[in-house]
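Undergrad: Could you slot chain B onto chain A? The hints should help.
Which chain is which? The protein sequence lines are A and B, in order. Counted from 1, the first sequence has number 36 at position 36 by my numbering; the numbering is strictly sequential. To convert, take the position in the second sequence, counting from 1, and add 193; that gives my numbering.
A hint or two may mislead.
[Said to hold, decoys possible] Pairs of lysine to aspartate or glutamate residues, derived as EDC-like cross-links and limited to a Cα-Cα distance of at most 16 angstroms, are as follows:
(1) A:K31 - B:E471
(2) A:K31 - B:D465
(3) B:K401 - A:E57
(4) B:K233 - A:E57
(5) A:K53 - B:D445
(6) B:K319 - A:D111
(7) B:K481 - B:D445
Note that these hints are calculated values from the structure, not bench results.
If you want the building blocks of each chain, they are given just below.
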Amino acid sequence: MKIGVLALQGDFDAHRNRLEELGAEVVLVKKPQQLDEIEGLVIPGGESGTFLKLLGETGFEKLKQFARTKPTFGTCAGAILLASEVENPKQAGLGALDIRIRRNAYGRQLDSSILEGRFVEGKLGESPIEMVFIRAPKIERIGPGVEVLATEGEDPVAVRQGRAMAATFHPELSDDSRVHRAFLDLVSNGHNK
Amino acid sequence: MSQNNGSSTSLRLKTGLAEMLKGGVIMDVTNAEQAVIAEKAGAVSVMALERVPAQIRAEGGVARMASPKKIREIMAAVSIPVMAKCRIGHFAEAQILQELGVDYIDESEVLTPADEAHHVDKHAFKVPFVCGARNLGEALRRIAEGAAMIRTKGEAGTGDVVHAVKHMRQIVQEMRILTVLGEEELYAKAKEHQAPYELVRMVAKAGKLPVPNFSAGGIATPADAALVMQLGAESVFVGSGIFMQDSTNFADPEEAERRAKAIVLAATHFNDPKVLLEVSENLTGAMKGLAVAALDEAHMLQTRGW
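In isolation and in its complexed conformation, chain A is listed as follows (with noise of 0.2 angstroms):
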């Protein structure tokens, strides 16, 4: 299975290394045009602002086009990106997940944190997961369409529609690989139908 990992800036090798320990073939997207060798795309941590503007007009909308078609998965600014709406501040969105987030939610640096957050009953495992949250930004509207993972306190952390998934945390700076797994197995489902 070819995955990719949006290579532009952010926690990328994280990634890679998470996703080639569960087998996966893993190539560093940096052109657009790579996207046509890929069956699937993580969108790493980083900063967003920073992804959309090494992006530029046309790898936005080419991403724009993968995203709707093949799985894709984002943790905490590829969350953000792959979001409909973003506020603090505004800025565009892929909109393969009916979300709204907002940036930067919990604070600076020093609100960051590890805490133990769980599956939704029935979803990816029963015991509790650890969840890395680094200036994470929060989901605050869920579309009718968005299915919940994952929960920390109140808030929904892990969200899917269709072929797009997302975390505000970083399930790759963790041991626990039920998230990549989840994601892996959502590629090779799309591959099958």
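TA: What follows is chain B alone, placed relative to chain A:
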């Protein structure tokens, strides 16, 4: 969100933010206007300063932490992480910066040192620290003190990349040597590097530092950024090179924005000469600069820190 304060948790959060800054450019800024230009150009973070290193070098005097008012102004102007510098060993400046809520503190040789023997005990802080290093021993001593990110020192404020290159090569080479040594040889290496054995062993096993390794000190052009990234830097700090025309005058803001954008693209596409040519072609010039080879030892900032 509640806070978990265990020390390994704390270190993971600190290095976690550095992970998010990889492949990016951190730019020195002296006011809100420059911070906005940096963010617009795609900087992943800004370093809030009273004066950039080139000005500090030209004007002399004691260089201290920037005024909190100025830093606060910059924090309010952008949504990317904001860093600020404290003097080496000046833990009270660090306490003030942590209270202010900056996202990273640079315990920096660019400012006048406040302690001739001790660096700040960075484990005592919740805010992460970045520190400069010229070689592996220095990097590991800073990591032992709690630094969550290392950057090469280079020679700040010169626009001459030669020592950023020297220090990155030095660190990478010293790490490479460790990976081929036998277990029993690492004890002597720890003594030679004047660094904790456990950290030396960790580097020998992993072939890299246990925290992200960035580059700083004299990077002035997109080609400079690409050079240090190809040598192993995971991100670059650009100080005077973007907003200065020479050591005393600011560059035209439009020129600064073009330079900033070009360096951001170069950091991402550091191994793609086609893109590097394209971004270099759009520039009309770079900071005048100061050749490091012509500097007296006494005027070197990199020798500060122990």
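Undergrad: For every hint, state whether the structure bears it out.
TA: Each hint, compared with the structure:
| no. | hint | verdict |
| --- | --- | --- |
| 1 | A:K31 - B:E471 | 15 angstroms, holds |
| 2 | A:K31 - B:D465 | 11 angstroms, holds |
| 3 | B:K401 - A:E57 | 36 angstroms, violated |
| 4 | B:K233 - A:E57 | 15 angstroms, holds |
| 5 | A:K53 - B:D445 | 22 angstroms, violated |
| 6 | B:K319 - A:D111 | 10 angstroms, holds |
| 7 | B:K481 - B:D445 | 14 angstroms, holds |
Taken one by one, the earlier hints fail for this structure at numbers 3 and 5, listed in ascending order.
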